[in-house]
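The residues making up each chain are set out below.
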Amino acid sequence: MAVFASDTFTDSDSTELSAHTPDSGGSWTQSTTWADDAVIVSNQLQLIDSATNGTSGYAHSGVPDSAEYDLTWDSIVAADGASQNINVGVLGRYDGDATCYRCRYRPSQTRWQVTRIENGSGTLLGTYIADHAGGTAEAKFEVRDAAKKLFVGGIERISTTDNVITAVGKAGIDFAALGGASNDRHHIDNFVADDLSAGGGTFTATSALTTGGATCSASATHTAPTFAATAAPTTGGAIASASATHTAPVFSSTAALTTGGATAQATAAFTAPVFSGTAALTTGGTTGSASATFATATFTATASLTTGGTAASASGTFVAPVFTGTVALTVGGATASASATHQPPQFTASAALTTGGATSTATATFDAGDRTGTATLIVGSTMVSASATHTAPSFTGTVDVTIGGATFAGVAAFSDVEPGSLAPACWAAGDVYHPGFQAGQVWGG
Amino acid sequence: MSKRYYLSDLVNDPEDGIKPVIDDLLTEPGESASYAVSNDLGQALAAVETKNHTKFILAVGVDPLPDVSLDVKLNAIRSDTIATLEAAVADRNLNKSWANSDSVRELLTSVGTQIDSNFDVNNFGP
Chain A
76 MAVFASDTFT DSDSTELSAH TPDSGGSWTQ STTWADDAVI VSNQLQLIDS ATNGTSGYAH
136 SGVPDSAEYD LTWDSIVAAD GASQNINVGV LGRYDGDATC YRCRYRPSQT RWQVTRIENG
196 SGTLLGTYIA DHAGGTAEAK FEVRDAAKKL FVGGIERIST TDNVITAVGK AGIDFAALGG
256 ASNDRHHIDN FVADDLSAGG GTFTATSALT TGGATCSASA THTAPTFAAT AAPTTGGAIA
316 SASATHTAPV FSSTAALTTG GATAQATAAF TAPVFSGTAA LTTGGTTGSA SATFATATFT
376 ATASLTTGGT AASASGTFVA PVFTGTVALT VGGATASASA THQPPQFTAS AALTTGGATS
436 TATATFDAGD RTGTATLIVG STMVSASATH TAPSFTGTVD VTIGGATFAG VAAFSDVEPG
496 SLAPACWAAG DVYHPGFQAG QVWGG
Chain B
6 MSKRYYLSDL VNDPEDGIKP VIDDLLTEPG ESASYAVSND LGQALAAVET KNHTKFILAV
66 GVDPLPDVSL DVKLNAIRSD TIATLEAAVA DRNLNKSWAN SDSVRELLTS VGTQIDSNFD
126 VNNFGP
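Protein sequences, first through last, are from chains A and B.
To convert, count from 1 in the first sequence and add 75; that's this note's numbering.
To convert, count from 1 in the second sequence and add 5; that's this note's numbering.
Looking at chain B on its own, in the form it has when it is part of the complex (with noise of 0.2 Å):
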């Protein structure tokens, strides 16, 4: 199992209520998500824990975050990852508040907290 971070359209589900769409995409055992959700925004942020990722950022309404470790610098990512990270952070009306000498924990904090202002990403995910 490993963990990586999602941007995520939500759904009114009837039986679950407001969910992300990505946890349509949980399918087999071991599998889990944790969301922090803001019915306002219509965004989720999720951690997702799973052998396979590719479901997961191939899919539709979903956006895969940088899949390396929170401490590494943005500047140290490849620029046409981040282009497409700050992409995907616009189309969701979300704001870039992060310099690029800031780590992907810096990155994570700036839209967990915009999604939700609890958002601690020592805490978020199993």
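This is chain A alone, in the form it adopts within the complex (with noise of 0.2 Å):
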């Protein structure tokens, strides 16, 4: 990335932009379309107070080395500045007239705007509604060939694929009043235009360091538009790596330390839409790792570990609006297990454990307005289970119990509780047989 024009206009107050020396240099030239003056007051930007419903276009003299770049600026309103109508922005690809890309904020409408102007003639390609009045705002418009995107505060809100507009041309910034605005309540500060370039040609950065039976080594190239870092630190037995590479729009990172019998590594990587990144550490007989994804609304992550004998996985995933999450556990022969699923407005909840002849399950569904669990263990020949169901204000449940080969089919029951009562506290989903509970008697008695 090279900066080809930046300026935090610090000058006297009232310079009029284009007397103003801008801190990367060069100069700012004024549109005679948009011709009415942009100012310096307070180490700010705004336009000339006196141009009532004024319009105010400059152009930078940096010549970006292509037609892809990044305009970063920060709006600032006044706390009573959504009420006026100043709007203020920066240009990409602009002809130094009246034709280029423009992102601007206009607080009396709470909006972000970007818009292609032709000769003047403006076409709305995205809009996005937020109020910084009082405050600063940091955007960036970034401009590229597949597309034309707003961010604030770093989080990307407009994203449109148009590329009428493909000239070079220049980067500017943009004033326009409306409705007898007053023109102070909106500044424009810390104006920085940045191409992708590293200003042509390769370049490579190396280092060595060899003491005693230690050795370190580090490397950087770039050669546009591709960055890559690597840096290898050697001692005794320890050896650890690292790279980070960037060729639009893919970036990536790797990372590895081992030691002894040990291994760590780690990557990431940006394709856009898809983030991913995984993580392993190895060493003796124990293996772990993790992984997480996020591509567009899809969230994955996972992780596993395992040693001697026990292995331990969980996961989860959100597909909007649906939430899922498992965990698993196994240590010898007993394995433990568990899953939760929310899609709105149902929540679901189970869980197993099993160990030699013995399982145990339970679940529990909670959908608006009804309640529903049951809980079963089985044990050897015995076997206890139990439903219940609350649907407000009742509730109905049935217990059947077999032990050996006889089968105790609802041996107690309750329904028609009313709320309040001693009777649903007496009972949970995923109780168990109660050793004391005799046949025949009614539940919550």
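Since the hints were derived computationally from the structure, they do not count as laboratory data.
Beta carbons are placed, not taken as given, at the ideal position from N, Cα and C, and that holds for glycine.
Honestly, I wouldn't trust all of these hints.
Claimed, not checked - Here are some chain A residues pointing at chain B (derived, C-beta under 7 Å):
| hint | residue |
| --- | --- |
| 1 | L199 |
| 2 | T202 |
| 3 | I204 |
| 4 | F226 |
| 5 | V227 |
| 6 | T235 |
With the hints as a guide, bring the two chains together.
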């Protein structure tokens, strides 16, 4: 990345922009179509107060290496600025007069806008609603052939694929006042224009250090549009290495450490719109790994650990509007697992434990207005099961008991329990057989 | 926030210039919309992010596209929904150049590239 224009507008009050020298050098040139003055006040830039319903456009003399660059700036709105239709923003691929891509904030409309302007005629390409009256918003307008994107506070808010204007143009600044607005209610500051090149050519840097048994080396290379960096210290039996690469639109990084019998490594990658990351650790007989992926509306995360006879794993997924999660643990002959799902308005959870010949399971479901739950325990030849349903305000339930080969069905029942009675409190989903319970007894009595 | 796609008429606004009529419905903090606009066709494809799409679905001059994942095949969507979509596309003088075995992603690409030759659904909307 190379900055080809920047300005913090540090100068005497009332300095007109074309009379001011930008921080990056070069100069600002005023549009003949949007010809009102912009002036510096308190080291920020605003439309001159006297320009009632005025428009102003300035192009910086810096020439980007390509038609793909980033424009960043601060939008500063006075506390009472939300009532003022004074619009301020930046211009990309600007011909210096009235053709460009414009990205601006309109305080009176509490909205950011991206617009294509050809010979003064605008076509709106995107809108984002937000209010920062009384504060500052950090904005970035990313100009690419593939898309024109607005980021506010580092978060992407607008992305349009329009590419009608293809000329490299210049970077610029724009003001427009409407409805007799007070022009001093909206300022711009900290303007930076940054293209994607490094100014041409290939840059390479390497360093190496050797002392005793230790060696450390690092290298970095940039040949547009690819950036790559690696580092590798070696000391005794330990080796560590790391690398990072960026070839638009792919970012990736890896790191690894090996010492004795242990190896740890991690990777991360981003290729729009997918983010993914993995980590793994191996030491002796123990292996641990974790991964996470985000692609558009789907989030997935998994983790696992294995050591000797023990294995544990967990996973979670979100595909709007459904959340699911599972965990599992296995030790020797025993396995425990649990899962939960939420799809509004229903929640479901289940758990299971298996060890030797015994299995225990439990499930619970909640659906707005109703609650149901069941629990089952099987141990050898004895089974106890129970079920209950609650549809407010009534409860119903049965308990069946099987001992050996004999089954006692409906040994207990409860129903039509009034809200507030003790009956529901005596039983809860997940309870197992109560040893003191007698056939024919009314549950909750 | 959830994202849905819409076809929208255009209007010439004295302050904003040519814009989709759906833009005037953006009022709530956090709402956003990205547009592919053809002034020649008088049509826009919009990707709208909002907590509640009701006002956009019911708006005059706006046609919602199917609210399903981009990878869902069109032949898996209710036939009356597809019929409504095809009628809306025809009314807007856009071509139906997709097959029922195509996915919603291919439908969006077909409609989007008629409006904006540079359209790419993977770069459209935040």
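Requested in this report: Against the structure, test the hints numbered earlier, and report the numbers of the ones violated in rising order.
Outcome: Numbers 4, 5, in rising order.
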